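K.L.:
Dock chain one against chain two, each of which comes alone in its own frame, and use the hints as you go.
So the protein sequences, as listed, match chains A and B. Residue numbering for the first sequence follows the numbering used here, beginning at 1 and increasing consecutively. Residue numbering for the second sequence follows the numbering used here, beginning at 1001 and increasing consecutively.
Calculated from the structure, these hints are not laboratory results.
One side of the interface only, derived from the structure: several residues of chain B facing chain A at Cβ under 10 angstroms:
id	residue
1	LYS1018
2	ILE1019
3	CYS1045
4	GLY1061
Within a straight-line C-alpha distance of at most 20 angstroms, the following computed SDA-like cross-link-like pairs (lysine to any residue) qualify:
id	chain 1	residue 1	chain 2	residue 2
5	B	LYS1098	A	PRO544
6	B	LYS1031	A	GLY429
7	B	LYS1031	A	TYR315
8	B	LYS1060	A	GLN119
9	B	LYS1007	A	ASP115
10	B	LYS1031	A	ARG430
11	A	LYS425	B	LEU1029
12	A	LYS476	A	THR488
13	B	LYS1052	A	ASP496
14	A	LYS90	B	ALA1042
15	A	LYS425	B	GLY1077
16	B	LYS1031	A	ALA112
17	B	LYS1060	A	ASP115
18	A	LYS425	B	ALA1117
19	B	LYS1031	A	GLY311
20	B	LYS1031	A	HIS11
21	B	LYS1120	A	GLY429
22	B	LYS1031	A	ASP18
23	B	LYS1120	A	ARG430
24	A	LYS425	B	GLU1078
25	B	LYS1052	A	MET559
26	A	LYS232	B	GLU1078
Just so you know, these numbers come straight off a predicted model, no measurement behind them. We put the beta carbon where it would ideally sit given N, CA and C, even for glycine.
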Amino acid sequence: MEKRIGVYICHCGGNISDYVDVEKVRQSVENDDNIVLAKTTMFACSDANQNEMVEDIKNHNLDAVIVASCSPKLHLVTFRNVTERGDLNKYTYVHANIREQASWAHADNFPAATDKTIQLVKAAIAKSRTTKALEPTKIKAERSVAVIGAGVTGMKAAITLAEKDTHVFLIEKESQVGGWVAKWKDLFMTEETGDMIVKQLHEDLKKRQNVSILLNSEVIGNVGSIGNISLKIKQKEEEFDITVGSVLVATGFEPYKPKEDEFGFGKVPNVITLPEFKQLIDHEKGKLMYNGKKVENIAYIYCVGSRQPEGGNTYCSRYCCTATIHAAIEARKKFKDIQNYHFTRGVRSYGKQELLYAESLQGGDIFLQSYEDDLPTVFARNNRPVVRINDILTGGKELEVEADLVVLVTGMAPRSNDTVGSLFKLPRGRDRFFNEVHMKLRPVETVIDGITIAGACQGPKTILESVNSALAAATKSYSNISKGVLETDPQIATIDVKACTGCGDCIPECPFDAISMVEDKGKTVAVINNTLCKGCGMCTPVCPTDAIDLVAFSNVQIMGMIDALV
Amino acid sequence: MAIANRKTAKILVFSTDKISDPAIDMAGLLKLHYPPTVYTIAVPCSSGIKTKWILHAYEKGFDGVFIAADGTDCVYGETCVEKTGRVIARTHEAMKSKDIDPARLRMAAICSVCSDAFVKQIRSFNEYLLKTLHPET
Chain A
1 MEKRIGVYIC
11 HCGGNISDYV
21 DVEKVRQSVE
31 NDDNIVLAKT
41 TMFACSDANQ
51 NEMVEDIKNH
61 NLDAVIVASC
71 SPKLHLVTFR
81 NVTERGDLNK
91 YTYVHANIRE
101 QASWAHADNF
111 PAATDKTIQL
121 VKAAIAKSRT
131 TKALEPTKIK
141 AERSVAVIGA
151 GVTGMKAAIT
161 LAEKDTHVFL
171 IEKESQVGGW
181 VAKWKDLFMT
191 EETGDMIVKQ
201 LHEDLKKRQN
211 VSILLNSEVI
221 GNVGSIGNIS
231 LKIKQKEEEF
241 DITVGSVLVA
251 TGFEPYKPKE
261 DEFGFGKVPN
271 VITLPEFKQL
281 IDHEKGKLMY
291 NGKKVENIAY
301 IYCVGSRQPE
311 GGNTYCSRYC
321 CTATIHAAIE
331 ARKKFKDIQN
341 YHFTRGVRSY
351 GKQELLYAES
361 LQGGDIFLQS
371 YEDDLPTVFA
381 RNNRPVVRIN
391 DILTGGKELE
401 VEADLVVLVT
411 GMAPRSNDTV
421 GSLFKLPRGR
431 DRFFNEVHMK
441 LRPVETVIDG
451 ITIAGACQGP
461 KTILESVNSA
471 LAAATKSYSN
481 ISKGVLETDP
491 QIATIDVKAC
501 TGCGDCIPEC
511 PFDAISMVED
521 KGKTVAVINN
531 TLCKGCGMCT
541 PVCPTDAIDL
551 VAFSNVQIMG
561 MIDALV
Chain B
1001 MAIANRKTAK
1011 ILVFSTDKIS
1021 DPAIDMAGLL
1031 KLHYPPTVYT
1041 IAVPCSSGIK
1051 TKWILHAYEK
1061 GFDGVFIAAD
1071 GTDCVYGETC
1081 VEKTGRVIAR
1091 THEAMKSKDI
1101 DPARLRMAAI
1111 CSVCSDAFVK
1121 QIRSFNEYLL
1131 KTLHPET
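This is chain B alone, in the form it adopts within the complex (with noise of 0.2 angstroms):
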């Protein structure tokens, strides 16, 4: 799907029920505002998301999907972080073939607690993306 000019880009966040979903949630809360176009859906863990899930979501007109990894608090285990970079690096390779950008795709660790660093990376995410995909607005 061909990517439309916006004033904000449309980012896919993939977040997780117990660890980073509630620190999306206090974002909110505090009323610290990101770009409107920021979509979540959480899942269990980070280490549990498809590549074809990203793809799907490219393909569909997201101009970024951002994974709000557990880190080391996943309630899982801590192989969430190894395992998590896994599905990023397959993603990424996937990305490559496909010819998109693998900068689209961006993972951090936020914890519960993590707000402002949630708000912080999707700004900077918005303007990374707004520059090299809508670079006229």
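Okay, chain A solo, but in the shape it has when bound (with noise of 0.2 angstroms):
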């Protein structure tokens, strides 16, 4: 019978209509063999989308469906689950990836990449008319997961993940839990200091027998894939594996560290950093004081090392505008005879921070604002640093303040440590964080399966926003392997009996040995193991007679996509 298949091509918003024409690509495939449906949908991935597939499955009596969107890393399980619901078997499904490969590749291109599009589908069906039911492959996964970093996101994550049946390594390269946070006093919206908060998790983890923290230790190897993963671990100068299905970094942030002379800082006299001065007037009593003189005008520059030109770092840090009046505030509660000056770009205080701004400009706080183009300057005079600004919010009037202390509000920069990035192959965007799958269907999974990300590694974030992304990830590393097997795709190599010689030539090629040699009426054959067979295809270019095929990535298929794709 031939086949029925059911086509979706994707606007996704405008990321791929703005720069490619769906209406030709739709109408470009709509009457070639075995198309049944072709359509075009604003959103595939929408609920209402999924639902018309699933009616159109079963009204069209469909038996295999394509979506032509965005990357199968993305939605590829999201329609296989569309297809189950319709009653097909998952493994039927077709997915091109017309967004990262197509619309987003070549967005310079309108013509060339509506014509790119039209093969990439057109290959999605020569590969759909050759699909077959498969059932998914069993594997064990161990129940357990590496933690690294033991920041409070690492710890948290670790905690959540403690309370579930499955034993966690909390991975720590410094002597002491508590990264950043453990070093602060006064935290904005809690009564609790950071140290207590540290202490509080740290108490905590103490307490379970599922839990190994390894202090002074760092990953330095990786094998494996996702259920099964073994990472070499240096504590000191001893090495020794440990074996996850699972991993979950949290590796953190550093602060930006300004540049010789940026904004006067390792030039100008009293030009300090946001975290120097959180540490000053968490240490200092009585009088703020700084190199022997009272401090009293405080200046703070925002946005030093965020929202720079292109070439810098081009992102807010987020966190910085709220920390500052946060620490300003703060200061003046603490220390007689403070005022202070904000030097901003516009302060970003969202949410319940908003309160904070308010409480600081009812403190007597002054602000003053800039734009990128014109950035307030600092210099010495007499010996005491003086910032200089065009305030647009006194009609772009220059004014200077004469400040006893420059607080320069660093943000958030991603480590310039590399290690564990290298190590798992974690792609990095444009900010050179990590960078998640999507950052709202799939915030805290990489595109390496197996391996999530919480907190400041993949983006800068406040202690409440680190923590929560920590409950995300450690749930979604622990779905991972709650179950002790996880499902993969039947993806095994095929033996055709009549084929085959018996050569052997196969048997080498297999890292698994899942190929072994066996009697078939008379003749000496492979034989494939599926329980051992990953899928790899090593054994398929070897065979003389090429009587080896890999399910899902047979000749038919990939020679009728390459037919295609011409």
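P.N.:
See the structure below:
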């Protein structure tokens, strides 16, 4: 019976249709052999479209479905589930990546991107014609998770995982847990201090039998894949291996370090960074002193290392407006005669943080503002730092503040030590933080199966946001291994017994010892052990009679796709 | 099939599901443009690519084939490097016997974050193919 295929071409809002004529793509394939229906859709992944697909499968008696949309890393599983809801075998589903590999890759060439998209969809149709119903392969998954980084994010993730029936290895390269938060005192919006929070989390972790805290430890090796990942750990001079089913990366951030003479840093006296200022007000008592002199006038210069022009850190670090306003209020409360001057580029104290901004204004803090093309300057006069600004809030008037202390409000930057990222080959975004698969749909997953990310290693976050992402990543990592068994695609090698000559060339090629020789009707032939075969295909090119094919990547399918792409 | 003159060379890329295909995706995400006549077929592992597929691509009119190999990152083990190398060697021999320039097959290890490297490789390969196969363009 001829296959009945349904094709859906996604606009992805405008992510595809702004660069590709999706209607032309639809018209180009609607009359192809086996195509029963071809539709465009604004968002293929929307509930409405998914429901429509299920209806279409039933109403049009489809036996295969293709969606041409974003990368399969994002939505392959989504649409396989849709086909299952339409009572089709999920492995009959074929995905065409027309966003990352067409519309975005060729956003500079609308006609060529459209032509390429047509051919990618035709290739998917060619593959779809020969797809077969399959059953998933099941593999054992280690019920343990490694959490790399024992800051607040890693600690919270470890506790969340430990509450489930899984073993957690919490790996920290420093000699103590807590990361940056352990060094902080007063926080907004809580009465607890940073070190108190860390202490509570640490006490909780120490009580749990199923948590191993590995301090002074670094991951130096990584072998295997989701379900069975072997990590080599170096703890001081000792090296040992652990095996886990999933890895949660929570390696955090490092504060932006201003360049020499950036807003006078390192050149003009009494210019320090926000982390240094927080340490100062936490530890000083009575009078606020710096370099032996009493501090009264404090100038805060915002967005240092954030919102920079192209080539620098173009992102907003998000936490620093609030952190600065909070530190300024704390300084005013703790020490006498403090006057705060905030040199901002627009305050971004979102949500309840606005309350703190209001408190700051009511307390007498002065806010001045400039644009990115006319930043304040810092220079020395009589051995004191002076900040000059053309303040847009007073119609561009040039104002100067003679300060006792200038605080550069430095944002978060990705860690310069990329050992963990390199080891797991974690993709980084334009901001050089680790990249999730999708900011909204798969916010803690990476393209590497079984590796999740959380906290400030994937972008600037507050403690609250970091903890939220820790909970999400812990849940995702746990879901990978919770059943002790993982379902994987049934991509295994198959032998054409008639074509097999029993030469045995394929046997040494298999890294999993999945091939053996057996007698079959008086003839020696190769046979695949389906439970051992991982579907790499290493055995397939060496067969002199081309008797081995890989399920879902057969000669017919690959060569059919090549024919369609020409 | 006769090769028509083109502004950009027609290149078939064999990528790998878990390692090099994410890098090619990220090239798109970062809008790192490369010639639009570059088409990708993802397979599980670069060591499982068959010579007959590559030869079929040339027969059908592709100017070049690029294998975006797993390299040492292959999830199926380190032998991937050696075995992918053997696939290339075997295919080069077959190409010579069919009088096809072996340089029309290129391979580079492309890890999951190697978007820039991928785009550089493809642009350079495109230039080579245009120069040798479509000198009039």
